[in-house]
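Protein chains: 2
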Amino acid sequence: MSQLSHQIQLLRRPSGLPTPADFALREVPLPELQEAEVLVANQWLSVDPYMRGRMSEAKSYVPPFPLNGPLDGGAIGTVLASRHPDFAAGDRVSSMQGWRDSFVANAAQLTRLPKTDLPAQLFLGALGMPGMTAWAGLHKIANLQAGETLLVSAASGAVGTMAVQLAKRAGARVIGSTGSADKVAYLETLGADAVINYRATPDLDAELARLAPEGIHVYFENVGGAMLEAALNHMALHGRIVLCGLIDQYNSEGGASGPRNLSQIIRKRILMQGLLVSDHWQHYGDFLAEAIPAFEAGALRAEETVSEGLASMPQAFIGLFEGRNTGKMLVRL
Amino acid sequence: MSQLSHQIQLLRRPSGLPTPADFALREVPLPELQEAEVLVANQWLSVDPYMRGRMSEAKSYVPPFPLNGPLDGGAIGTVLASRHPDFAAGDRVSSMQGWRDSFVANAAQLTRLPKTDLPAQLFLGALGMPGMTAWAGLHKIANLQAGETLLVSAASGAVGTMAVQLAKRAGARVIGSTGSADKVAYLETLGADAVINYRATPDLDAELARLAPEGIHVYFENVGGAMLEAALNHMALHGRIVLCGLIDQYNSEGGASGPRNLSQIIRKRILMQGLLVSDHWQHYGDFLAEAIPAFEAGALRAEETVSEGLASMPQAFIGLFEGRNTGKMLVRL
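Sequence lines, in order, name chains A and B. Following UniProt numbering, the numbering of the first sequence begins with 1 at its first residue and continues without gaps. Following UniProt numbering, the numbering of the second sequence begins with 1 at its first residue and continues without gaps.
Be a bit skeptical, because a hint or two may be false.
[Claimed, not checked] Quick partial rundown of chain B residues pointing at chain A, CB under 10 Å, derived from the structure:
{"#": "1", "residue": "17"}
{"#": "2", "residue": "241"}
{"#": "3", "residue": "260"}
{"#": "4", "residue": "266"}
[Stated by the list, open to error] Residues of chain B placed beyond 12 Å of chain A at every Cβ, according to the derived structure:
{"#": "5", "residue": "78"}
{"#": "6", "residue": "88"}
{"#": "7", "residue": "204"}
{"#": "8", "residue": "240"}
{"#": "9", "residue": "245"}
{"#": "10", "residue": "258"}
{"#": "11", "residue": "263"}
In short, the hints are calculated from the structure, not lab data. Computed from a predicted model, the values in this text were never measured in an experiment. Positions of the beta carbon are idealized from the N, C-alpha and C atoms, including for glycine.
Turn these sequences into a full structure, and let the hints guide you.
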């Protein structure tokens, strides 16, 4: 008798902003556990903007999701049964087998969570992929220095909140950009020196001139569009732009417009570099060595936006593009 | 009795492509020679795209040219009289006192030409600022490696022809882009492995896919526009873009459009960096140590497009934006 897994499948490739009708919740039988395999029940599913790219046919850095097959993504679960000596029932593990409530996988696809009393779901957010992305962008690409001015777009998101806090710890002056008064207030509690509510700022150029009169040394870019163009105008000489995300463009079908002022890159000799966290996992231990004690001491904080139940996953995902999350977007099972 | 200097002055700030009426040829008296000063008669004037930026009011990396004052730029001349012990009548010198036939300057503003039998005007082109720009882009920004594929836009220009040849010497496979059949043929004689005539290529994307099936490792960008967008689509993983010029945009008044596919920078983790040669002069000796012997041996070659007489300078300058030069654009006095 095999167990059943419930999973969200992709029915069709979304055009523009995804809708719930692009997804279906389906029940599939799990295979019998083979030698070296482990049965896991998920408790937390990660909801990330990058997943949008894999829903399209277009070639990206990872292959597109298959239609009528399981989507995947980060997940935290508990081992129910194991036929591998490294894992036993009750172990907490992370995997890329998200968008489903349970699964059978080879033990090599599982990572045991580090020993800490911190909440397990942090390893999907501030202590996982988004936190590592922020750390790698600041330290491995931008080489952020104490005393420099950092601008972070989508600053209240999972990557942004960690970029703000890690940059403050590194001695930088931090300007965040976000889209609501609540998020502005939240970012101020995290230590941001200034926060722009871009929806309430008619002239981004003038605002950046006011907030960064000596220029922006590092721009941690998650959005694109008007903020990228304004930031280019106000970068400092030899500034660095970490191109981490362009969430403004993910749901546009070829209609995205690019910044008209790339000549600023020449004038200021700016370095712009694309960031994908997968290039940087060899430094994950260095990141955790800084971040776990800081979380345990209360010196780093993480916000979560939690949606309940597997069926809520498509709406939670769509909500990312509507600015409905502060910090990490998660689904709890 | 003071001598007269003839010089081109800027009458008004050009809107779009400059016209001859934006300039005037004027006669001004030269001051008497003071202690430490030198009187120089120019023989060669440099004509460069970057000068367009200084004709506008907009803030750039150098201040705008004053109206009704002398323009400046690279020049090669001969000392006529000197009140500084380091210079004597007959010495060949380079300076930034171009756009005029003679001038008086402090000796500190002059550079003696290196000892070589090569034509002096090479030090305005292949052995001067444009050649050094190509060398710094390839070696100090892109870190071009043997076996890599390089794409160069405006490949038949002063910077481009040196980028093509220096990259071949470094063991790269070189694709050039230029705008006429004659220029294609010329670039093939310089050793380019493939040359695109962009005016005769309706589908740049398809052409780059054909010519660089394994991707472009380094893009040496002088133009912008459609070629930048196409190149982004065909960059290799971890490719580098040297942003040296955006000549497509220099004469557009805020109407420039940016590449719509910056997401490729994330997907391929591309590094894009602005290049201004002034950051790299400390390596000029390294460049000359490679390039002077290579020119003397005939292993590097330079084309010149020469216009005769000071009065022809405005037209020569406008010609840069109409593709009228192959190699370095010069005015001979």
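Each hint, compared with the structure:
{"no.": "1", "hint": "17", "result": "17 Å, violated"}
{"no.": "2", "hint": "241", "result": "9 Å, holds"}
{"no.": "3", "hint": "260", "result": "5 Å, holds"}
{"no.": "4", "hint": "266", "result": "4 Å, holds"}
{"no.": "5", "hint": "78", "result": "34 Å, holds"}
{"no.": "6", "hint": "88", "result": "38 Å, holds"}
{"no.": "7", "hint": "204", "result": "16 Å, holds"}
{"no.": "8", "hint": "240", "result": "9 Å, violated"}
{"no.": "9", "hint": "245", "result": "7 Å, violated"}
{"no.": "10", "hint": "258", "result": "3 Å, violated"}
{"no.": "11", "hint": "263", "result": "5 Å, violated"}
Of the numbered hints given earlier, the model fails hints 1, 8, 9, 10, 11; all others are met.
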